[in-house]
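Engineer: Assemble the complex: chain A is given as a structure, and chain B must be docked to it using the hints.
2 protein chains.
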Amino acid sequence: MDLKIGDTFTITREITDDLVRAFAEVSGDHNPIHLDDEFAKQTRFGRRIAHGMLSGAFISAVLGNEFRGLTIVYLSQSMRFTAPTFIGDVITTTATITAIRKDKGIVTIETVCSNQDGAVTVTGEAAIMVMK
Amino acid sequence: MDLKIGDTFTITREITDDLVRAFAEVSGDHNPIHLDDEFAKQTRFGRRIAHGMLSGAFISAVLGNEFRGLTIVYLSQSMRFTAPTFIGDVITTTATITAIRKDKGIVTIETVCSNQDGAVTVTGEAAIMVMK
Numbered sequence: 026m027d028l029k030i031g032d033t034f035t036i037t038r039e040i041t042d043d044l045v046r047a048f049a050e051v052s053g054d055h056n057p058i059h060l061d062d063e064f065a066k067q068t069r070f071g072r073r074i075a076h077g078m079l080s081g082a083f084i085s086a087v088l089g090n091e092f093r094g095l096t097i098v099y100l101s102q103s104m105r106f107t108a109p110t111f112i113g114d115v116i117t118t119t120a121t122i123t124a125i126r127k128d129k130g131i132v133t134i135e136t137v138c139s140n141q142d143g144a145v146t147v148t149g150e151a152a153i154m155v156m157k
Numbered sequence: 026m027d028l029k030i031g032d033t034f035t036i037t038r039e040i041t042d043d044l045v046r047a048f049a050e051v052s053g054d055h056n057p058i059h060l061d062d063e064f065a066k067q068t069r070f071g072r073r074i075a076h077g078m079l080s081g082a083f084i085s086a087v088l089g090n091e092f093r094g095l096t097i098v099y100l101s102q103s104m105r106f107t108a109p110t111f112i113g114d115v116i117t118t119t120a121t122i123t124a125i126r127k128d129k130g131i132v133t134i135e136t137v138c139s140n141q142d143g144a145v146t147v148t149g150e151a152a153i154m155v156m157k
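In order, the protein sequence lines correspond to chains A and B. Counting from 26, one number per residue, gives the positions in the first sequence under the working numbering. Counting from 26, one number per residue, gives the positions in the second sequence under the working numbering.
Some hints here could point you the wrong way.
One copy or any two copies: either way a pair holds, since identical chains are not told apart in the list.
List time: in silico DSSO-like cross-link candidates among lysine-lysine, alpha-carbon distance up to 27 Å [what the hints assert, rightly or not]:
1. K127 <-> K29
2. K127 <-> K66
3. K66 <-> K129
4. K29 <-> K129
Honestly, the hints are just simulated from the structure, not real lab data. Every value quoted in this text rests on a predicted model; they were computed, and no experiment measured them.
Just chain A, same shape as in the assembly (with noise of 0.2 Å):
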């Protein structure tokens, strides 16, 4: 596997509500605006959104999947968290690679989340190391 800049992976996710009901079971993470439809209508969302980190477990899959053919190990990731995520949205990860650094076998790769409307709900970055 041969990784250039520019290279670019992609995945696709529905957020559906038993996804929202299984990443509060492994996460542990049972706040109510996620899981609870009369607690979420009284903030300012107006509806359950999905756990943010929910999109760090698709970068996870980006990374994962798409660098299974390598031995990875993840060094570090960013996330800004730029809009909600709702119960029906059908998310779109996106990973770039923006830096190579060859001799320690450093990747850099931008971490972007968009919806079905193009509206980008996380950003961020993750760095990865590529064992020999």
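Structural biologist: Leaving out everything else, chain B in the frame of chain A:
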């Protein structure tokens, strides 16, 4: 709920095989380093490791559960993965308030995961906005 600098919240979770497989399903990250013993034996880790973002999910749980009396907006999260997490590890995730901007309702939180031996596996920082 009256937040102040130094307030600390923690959760502890065991990294079971079931949990790692459930995270693989939810995230869609099926990298064999998390799921395949034979593959993992060939890597520098010598055995399967948990997804780094599973620790991100634990951070979500600390923030989502401990602040559940408040409506919060997750603004950002950074994570540095400083050591691997193995099946059978017991991970304590600690969130400590380090700064409060009362005018904007923005709270900065140091987020750290550590294992049963006290080794730090993830460091990072969250920013949340507490809604009035």
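Engineer: Next step is simple, just say for each hint if it's right about the structure.
Structural biologist: Structure-based check of each hint:
In this assembly of identical chains, the alpha carbons of K127 and K29 lie at most 27 Å apart only when taken from the same copy (10 Å versus 45 Å across copies). Within a single copy, K127 and K66 get their C-alpha atoms only as close as 50 Å, which misses the 27 Å cut-off; across copies the closest is 26 Å, which meets it. In this assembly of identical chains, the alpha carbons of K66 and K129 lie at most 27 Å apart only when taken from different copies (23 Å versus 49 Å within one copy). Only within a single protomer do K29 and K129 lie at most 27 Å apart by alpha-carbon distance; the minimum there is 15 Å, versus 41 Å between protomers.
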